[in-house]
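*Asks:* In order, the protein sequence lines correspond to chains A and B. Going by our numbering, the first sequence opens with residue 54, and the numbers climb by one from there. Going by our numbering, the second sequence opens with residue 64, and the numbers climb by one from there.
Keep in mind that the hints were calculated from the coordinates and are not lab data. All residues carry an ideal CB built from backbone N, CA and C; glycine is no exception. Wrong hints could be hidden among the right ones.
As the list claims (entries may be wrong) - Estimated spans, in silico, between C-beta atoms of each pair:
#, chain 1, residue 1, chain 2, residue 2, range
1, A, W163, B, K218, 22 to 32 Å
2, B, R272, A, V83, 25 to 35 Å
3, A, T73, B, P135, 47 to 57 Å
4, B, D213, A, S165, 29 to 39 Å
5, B, W80, A, I93, 40 to 50 Å
As a plain string of letters, each chain reads:
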Amino acid sequence: MSSETSHTHAEGEAHEETMTRSKIWIVFFVLLGITVIEFIIALYMVPKGMLTYHSANPIYIILTLAKAFFIVAYFMHLKFEKVAMIYTLVVPILFIIGLILVLTNESHHWFSVWGR
Amino acid sequence: MANTAVSQLDEVKTTPWAGGKSPFNVEYGKLMMWFFLLSDAFTFSSLLISYGALRFSSNAWPAADKIFQSVPGVVDAGYPLVFVGIMTFILIMSSVTMVLAVEAGHRDSKKEVAWWMVATVIGGFMFLGCQALEWNHLHHEGFWWGSIPDAEKLKEFFTEGGIVSGAYTQQFANLFFTITGFHGFHVFSGVIINIVILINTLAGTYQKRGSYLMVEKVGLYWHFVDLVWVFVFTFFYLV
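Next comes chain A alone, as it looks inside the complex (with noise of 0.2 Å):
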């Protein structure tokens, strides 16, 4: 039992060694870079004519998702968290997803219906 007590200890400390002042610092930055990226789309590729509207969208999708994780993962801590938790947060979010698919789908009926 004794080695099962120290396992859990050094776990603990671990996982309070994951997060330091300077990963977070690191965090920090990565998040204003991509936000600063996603305001050179916006403010200079778009009007510039080097990215379309269209093609510009999935970019700032792909960039807020990127975002969405540094912020779970790092700031939430969840990536340091027991595997079988991750899964049990992360999992649900299927739901979201087939919400989106579902209403997407039906957005475009509503449009053939009155968005003409």
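With chain A's structure known, arrange chain B on it following the hints.
*Replies:* For chain B alone, coordinates are given in the frame of chain A:
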């Protein structure tokens, strides 16, 4: 973890799910905060997905860089996205001060936790102030729940030569105030909770308890508010 007295018989099973300990190695309240945030994520998703569906079904939608191009109190037009950029920066910054408070809590440094909480509360108030200015500006332009600017002014908010739709501008206004309002209400609640945590920290409650876990739980909520803003920012201001 709780040092439950384990009998010899139980040594047979020591896997995380064998019972007698928390399989996630997470305190009850923290786990419940996570589940609350998951449910809140569903609420915000439904709002944002409804917005997306209405926008997809429209033949014309007001252009974000034409609606949001003022910096209230400084310049009235011509600077699209600058003000919301400032707001985004404030919220990310206050998220950082929150993690720093959590980090200081791990080191049991009461003074540092208190200072970082003060910074987080200030960040929250700054964001709310900006939100108020933004709402005030749009309200003066004629946007509100159930009201939009007159037909002549509406043309300014659509791409030149395109279709101008009053009906969809109204949808935009309703959704904008509902979603940013719901988010702003979360920020407001977060600021109040952060103040409570700050008072408790200063009173030494967590020092006596021997753990700053409450700071961590409230931190989760505060990061979630930042997370929602990341999505609101993309879908209202960029896309």
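*Asks:* Now tell me, hint by hint, if it's right for this structure.
*Replies:* Structure-based check of each hint:
Taking 22 to 32 Å as the suggested C-beta distance range, the pair A/W163 and B/K218 conforms, at roughly 25 Å. Between B/R272 and A/V83 the CB atoms are about 34 Å apart, so this pair conforms to the stated range of 25 to 35 Å. A hinted range of 47 to 57 Å for the beta carbons of A/T73 and B/P135 is inconsistent with their spacing of about 38 Å. At about 30 Å, the beta-carbon gap between B/D213 and A/S165 stays in the expected band of 29 to 39 Å.
Between B/W80 and A/I93 the beta carbons are some 48 Å apart, a value that agrees with the proposed interval 40 to 50 Å.
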